[in-house]
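Q: Taken in order, these protein sequences are the chains called P and S. Sequence positions in the first sequence follow this note's numbering and run 106 to 454. Sequence positions in the second sequence follow this note's numbering and run 12 to 605.
Since the hints were derived computationally from the structure, they do not count as laboratory data. Any given hint could be a false lead.
As a list, the in silico EDC-like pairs of lysine to aspartate or glutamate whose alpha-carbon atoms are at most 16 Å apart [said to hold, decoys possible]:
(1) S/167 with S/383
(2) S/193 with S/117
(3) P/297 with P/147
(4) P/297 with P/151
(5) S/458 with S/474
(6) P/297 with P/346
(7) P/452 with S/383
(8) P/452 with S/164
(9) P/443 with S/451
(10) P/452 with S/33
(11) P/133 with S/419
(12) S/385 with P/447
(13) S/71 with S/441
(14) P/118 with P/128
(15) P/296 with P/155
(16) S/179 with S/117
(17) P/417 with P/389
(18) P/296 with P/147
Here are the simulated distance ranges between beta carbons [claimed, not checked]:
(19) P/444 with S/401: 23 to 29 Å
(20) P/395 with S/25: 46 to 52 Å
(21) P/352 with S/244: 25 to 31 Å
(22) S/400 with P/371: 45 to 51 Å
(23) P/249 with S/335: 21 to 27 Å
(24) P/327 with S/561: 41 to 47 Å
(25) S/198 with P/444: 49 to 55 Å
(26) S/561 with P/271: 37 to 43 Å
(27) S/330 with P/395: 35 to 41 Å
(28) P/296 with S/471: 50 to 56 Å
By construction, the Cβ of each residue, glycine as well, lies at the ideal position given by its N, Cα and C atoms.
These are the residues of each chain, in order.
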Amino acid sequence: MATTTVTNAPAPKTNRLGLQVLDYRGGKTTLCAGCGHNSISERIIDAMYEMGVQPERLMKLSGIGCSSKSPAYFMGRSFSFNSVHGRMPSVATGALLSNHTMMALGVSGDGDTASIGMGQFVHLLRRNLPMIYIIEDNGVYGLTKGQFSATADVGSKLKTGVINDLPPIDTCSLAIQLGATFVGRSFSGDKKQLLAMLKAAIAHKGTVMLDVISPCVTFNDHEGSTKSYKYMQEHEEAIAEVGFVPSFEDIAVDYDPGTTYNVTMHDGSHLRLRKLHEGYNPTDRVTAVTQLMQSHATGEVLTGVFYVNTEKPTFIDQLNLVDAPLGTLPQERTRPAKAVLDEIMSKHR
Amino acid sequence: MGQTFTIGIGGAAGQGVATPGDIFAKIFSRRGLHVNAYNAYQSIIRGGHTFLTVRTGSGKVTNMGDRMDLLIPLNQDTMNRHLDLLTAGGACLYNADAIKPGTAADGVQLCPLPASKLADISRNKVAQNTLAIGAALSMAGIGFQSFESVLREQFKNKEDAVIAENIKLAWAGYDYATQNFKPFANPVPMTDNRYALLSGNAAMAMGGAAAGVKFYCAYPMSPATGVLHWMASHARQAGIMVRQAEDEIAVINMAIGAANAGVRSMCATSGGGFALMSEGLGLSAMMETPVVVIDCQRAGPSTGVPTKTEQGDLWQMLGAAFGDYPRVIAAPLDIADCFTLMPEIFNVSDRFQIPAIVLCDLLLSEGRLSVDPKVLDFNPTIDRGELIAQTNGTSAEDGGYKRYKITESGVSPRALPGLEGYIHTLSSDEHDEDGVLISDEYTNAAKRRAMMEKRMRKVQGIEAMVPAPTLQGSKTADVTLVGWGSTQGVIEEAREILLEQGITANQLQIRWLVPLHGEAILEILKDSPHTIIVENNYSGQFARYLRSETSFVPNGHIRKYDGEPFMPHHIVEAVKEQLAGKSTLSVPMHEIMV
Ligand SMILES: Cc1ncc(C[n+]2csc(CCOP(=O)(O)OP(=O)(O)O)c2C)c(N)n1
Ligand code: SF4
Ligand SMILES: [Mg+2]
């Protein structure tokens, strides 16, 4: 077939790898139109594109739920691992221990994380495994048709009129307390903030835990829900304005150290957090948790980066792993050397 | 089996039963003898009752045997419970200051040691143990030499003074026995052979290492914990990533995550932990990620009897995870086989990209056996199957790599994540050749059927790779004993005893449970005049399985579900009873209460 070259068409926009946004897209979404999860997928595509992540170096991992299905709808040129309900943290741990040269992005839901997968989730946080863990939080189990999840607020009402009578689990407080080194909350409808947070997440080395409020238009977007678009528009309260300057861009923009925290990330990027809340301090865990607890009392939904720690070693650093992925070591290196075995055997004589 | 010599040592947990046991086992092993050690104990850290049996001989010693030659009770309880295990020619060595003798059977020698006269008991709480060891060395004609080096090793973290004191104590016991007690009629022999003494758990761990395991994770659970301990203490040395996870659900999923990244990955647990792994096992099957899971059976259900053995998990393994999928299940026949089975099962698991289960039990896991080092091949063939671990930069198949490509064998070449040109999606949902979920638009029945058939086609390949069982003993015999896994040794000895009594028995021992090779089994059993299935469970799990696969119904059953393993005489007596037409189901009673 002959090819026609249209010489005067503008060159498509590309990122620093020469890739187009198209290269970061995935399959066509099968989620409901208007589902918050779709917007999050869009922001992931933008962030990965703008940061110039090589798609083939990314491993997407998820559990089960509408949210966990979404990795099929972004980054189609990346590897994907759709595990079982609640167990993605374990799969990710095993996968990264065997190949830590890959970048890992986990997508989970509030049911997947805060109910069935809680045991695995809290232990992931303790490890500070280098990965991005996103909870697409809609307060319900979308895929099983709208039952309350453990992040639903007390008093929140289902379409059927059922009122939630148990307190929510705040995954952000939990993550801060248990050892994640980059913790924040955002809203699928807050494009600018979410994009900046995702880009900073890509630059971070350690466990990034992002709880993204992501309304379920089908089961939890009505009057009386605290995870609806309307409720979020009325109650979202950013604790700080999130700005991000990637390492490969000029940091010409000045900031005022009196009002803004400047966090230098591992790759040389800069996270700029301009205080909007009295007493905000993203480097102090106690302050961060206190502010989250206070916000629950006032009913506002705090968003932004609550806590960053760029110093704590990751699980991989701590274990002092060999550089090469264990999975591709040549066969002579997969089993113990003869001398080692002889020594071991001598103890059994 | 030939002549054997068996020592029983009993006491409360914390009284130091293990040390004399280890010392005897080592001394026997260094004399070039075979050794079998079995520890009966309870799930408590202090107190209770522990009874260790160490049996030795110049021929193979496959089980704990029927009788005891020497009993060393470290407390009154042991004396009361176990003195009657000694028959004519036996002896009981005990601390006369602390323990009152019971009434022994005719021909049993009671050997009181005046402990306070021979040692400063107030200073050394386990002095009575060392005195008894010394006395035993004399009576069994072992001599003193071998003791000293073994003791030094055993006490390598202790000060010289402690070692010297113990050597002195043992000498005192040795001399006292030489002067006061009658030596055993048959002294313990010596050969030029050299064996390694291994527990089944250590053997499985080492077999895994030999098979190239690079990732091991577990959550502690008796009787599988020994595998974790071996792995953890050799992790650095052997270059294995070893992690203790938060629970067994995490364990199986971590193991799968690691396996998917390309390593050989393994985990071990017992029935309760395995139950938690069930969903993950299905994930491995659906994603076609090979993983090897060891189940060390203990007496169930639920927490059951954590320190006792059983073969009660077979149906859990057969039914683990929902849906149909190819799997393999193998039960090691003895402790040496715990080692050799590992590389074999890894090769099957890798070749067919399926979950594989090693169905072990407490008897092998925690028991110890002398193993000929020649059997321990640390360089077995590693067959990773159709694994694409490297690219030369070129895209695969014109860029159209299909992780779940439909093939005749059912096996699709497996590329590792991160390889250029081999992008793919793995999913627990049913998927098409590309890994795209088939339910994403509408559920495509044709695709679902094709994928199901693709996976299940592997079964033929697996059957061809895994050998069918063969008959042990003469082709014609009065009775055929069918067992599986760890009962190999005890059935073997029962057959020898039966032969001495004029009954010929042959044996069909099943090692590969899935695939079973039903046709081959029927071919063997059809000629047998009398078949009896022997198993360590209540309902005859293997008998039911064999029947469901082949319609075969045996003439009788011998079952045991009291938590203890079979002793040879249990089987011998049951066979005789059944051949005499008195019963078709025998449930022998265990005589040793621990
Ligand atoms: C072991 C197990 N239990 C139950 C289910 C059924 N199930 C599928 S998704 C889901 C809840 C998902 O909720 P969430 O993680 O919040 O995701 P969402 O659909 O809301 O995005 C449940 C209960 C399952 N797949 N596996
Ligand atoms: S059911 Fe709710 S969570 Fe699921 S896709 Fe629809 S809107 Fe999204
Ligand atoms: Mg949800």
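Q: Taken at face value, is the distance from the CA of residue 151 of chain P to the CA of residue 297 of chain P at most 16 Å?
A: Distance of about 11 Å is within 16 Å: holds.
Q: Measure nothing beyond the straight line between the CA atoms of residue 297 of chain P and residue 346 of chain P; if it is 16 Å or shorter, mark the hint as holding.
A: Within the cut-off at roughly 10 Å; holds.
Q: Please verify whether residue 179 of chain S and residue 117 of chain S have alpha carbons no more than 16 Å apart.
A: The hint is violated at about 34 Å.
Q: Cβ-Cβ distance between residue 352 of chain P and residue 244 of chain S: within 25 to 31 Å?
A: violated (43 Å)
Q: Regarding residue 395 of chain P and residue 25 of chain S, is the given constraint of 46 to 52 Å on their beta-carbon distance met?
A: Between residue 395 of chain P and residue 25 of chain S, where Cβ atoms are some 48 Å apart, the hint holds.
Q: Assess, step by step, whether the Cα of residue 443 of chain P is no farther than 16 Å from the Cα of residue 451 of chain S, and give holds or violated.
A: Measuring from Cα to Cα gives roughly 51 Å; hence the hint is violated.
Q: Run the distance test for residue 297 of chain P versus residue 147 of chain P: straight-line Cα separation, threshold 16 Å.
A: holds (12 Å)
Q: Could you grab the alpha-carbon distance between residue 385 of chain S and residue 447 of chain P and see if it respects the 16 Å cut-off?
A: Holds. Residue 385 of chain S to residue 447 of chain P sits at ~13 Å (cutoff 16 Å).
Q: Does residue 133 of chain P pair with residue 419 of chain S here, judged by a C-alpha cut-off of 16 Å?
A: violated (31 Å)
Q: Just to be sure I understand the hint, the distance between the Cβ atoms of residue 198 of chain S and residue 444 of chain P should be within 49 to 55 Å; is that true here?
A: violated (38 Å)
Q: Using the beta carbons of residue 400 of chain S and residue 371 of chain P, state whether their distance is inside 45 to 51 Å or not.
A: violated (29 Å)
Q: Is the hinted range of 21 to 27 Å satisfied by the C-beta distance from residue 249 of chain P to residue 335 of chain S?
A: About 25 Å separates the Cβ atoms of residue 249 of chain P and residue 335 of chain S, which means 21 to 27 Å holds.
Consistency note: the structure conflicts with the earlier hints numbered 1, 5, 9, 11, 13, 16, 21, 22, 24, 25, 26, 27.
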